[in-house]
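*Asks:* Read in order, the letters of the sequence shown are residues 1 to 213 in this note's numbering.
Think of the hints as simulated: they come from the structure by calculation, not from any bench.
Hints should not be assumed to be uniformly reliable.
[Unchecked claim] Derived DEER-like restraints, expressed as beta-carbon distance ranges:
id, residue 1, residue 2, range
1, Ser73, Ser170, 15 to 23 Å
2, Glu66, Val105, 16 to 24 Å
3, Asp95, Asn194, 22 to 30 Å
4, Ser170, Asn75, 16 to 24 Å
5, Glu87, Ser201, 28 to 36 Å
6, Leu196, Ser53, 34 to 42 Å
7, Ser60, Ser170, 36 to 44 Å
Predicted model only: the values in this text are computed from it and were never measured.
Here a beta-carbon is modelled for each residue, glycine too, at the ideal position from N, C-alpha and C.
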Amino acid sequence: MKKFILLSLSFMVLIQCSQSTESEIINDADSNEENDTSLNYQGLGRPSEEFVSNWNELVSTISEDEETILYFSINPDNVKWTSETKEVLYYSFGDLGIQSDISNVFVINMFITDDIVSRIEFFAPTTKEEVNAQQAKLFFLLILTLSDETLDKNEREAILTNLGLYDEVSDPKQLAGSVNKNGVQYILEPLVENNLLFGLSLYTSFLNTSGTN
Numbered sequence: 001m002k003k004f005i006l007l008s009l010s011f012m013v014l015i016q017c018s019q020s021t022e023s024e025i026i027n028d029a030d031s032n033e034e035n036d037t038s039l040n041y042q043g044l045g046r047p048s049e050e051f052v053s054n055w056n057e058l059v060s061t062i063s064e065d066e067e068t069i070l071y072f073s074i075n076p077d078n079v080k081w082t083s084e085t086k087e088v089l090y091y092s093f094g095d096l097g098i099q100s101d102i103s104n105v106f107v108i109n110m111f112i113t114d115d116i117v118s119r120i121e122f123f124a125p126t127t128k129e130e131v132n133a134q135q136a137k138l139f140f141l142l143i144l145t146l147s148d149e150t151l152d153k154n155e156r157e158a159i160l161t162n163l164g165l166y167d168e169v170s171d172p173k174q175l176a177g178s179v180n181k182n183g184v185q186y187i188l189e190p191l192v193e194n195n196l197l198f199g200l201s202l203y204t205s206f207l208n209t210s211g212t213n
């Protein structure tokens with residue numbers, strides 16, 4: 001079984017081998033998907049309000065645990081513009097408002113073009129905590145679903161595999177890749193300093209410039 005890297009080597013092992021609650025949530029999400037394929041969770045190419053609504057609707061299907069749903073959901077009141085130009089909206093997951101404790105804060109940026117979400121950027125920090133690795137994978141799966149709702153669970157896993165997320169590498173800078181599928185581009189990039197992996201960024205956008213799939 002291929003491994004992940006966290007800082008040096010351990011992050012990927014945690015995602016692949018963990019039997020934590022987050023892993024069970026991922027399995028529950030796959031089961032729910034098989035039972036109901038009629039729901040629309042598309043977010044890329046939609047207005048930001050619809051993106052947030054569809055995100056939260058999807059999150060509500062992956063678990064019955066209120067704390068889990070609250071953590072992974074987007075509070076519309078806390079979605080903010082990054083600048084006065086109003087080109088990018090951002091939201092932070094797990095942000096307790098403590099400046100010194102941002103090691104486990106996940107951030108999503110939604111680039112807005114002609115009032116629709118034209119690009120998604122998601123940053124996942126890496127720590128030595130097992131739950132962090134599981135949270136990162138679940139967030140990535142959510143991003144893939146919001147980017148192309150037609151993907152099934154095997155196609156989403158294939159994209160993560162082809163991006164290199166599960167590769168065993170000696171240099172964390174090699175933990176990167178690009179995949180094009182169904183008119184959507186997916187890019188994975190590592191944040192590395194002093195040969196240590198501090199985070200992963202996942203970018204998704206349409207290959208064309210019209211903002212639609």
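*Asks:* Confirm or reject each hint.
*Replies:* Hint check:
Against the hinted window of 15 to 23 Å, the Cβ-Cβ separation of Ser73 and Ser170 comes to about 38 Å, which falls outside the hint. Taking the beta carbon of each, Glu66 and Val105 are about 21 Å apart, inside 16 to 24 Å as hinted. The hinted window of 22 to 30 Å between Asp95 and Asn194 holds, with their beta carbons roughly 26 Å apart. Against the hinted window of 16 to 24 Å, the Cβ-Cβ separation of Ser170 and Asn75 comes to about 40 Å, which falls outside the hint.
Checked against the hint of 28 to 36 Å, the C-beta distance between Glu87 and Ser201 comes to roughly 18 Å, which is inconsistent with it. Here the CB-CB span from Leu196 to Ser53 is close to 38 Å, well matched to the stated 34 to 42 Å. Distance hint for Ser60 and Ser170: a CB-CB separation of about 41 Å, consistent with the stated range 36 to 44 Å.
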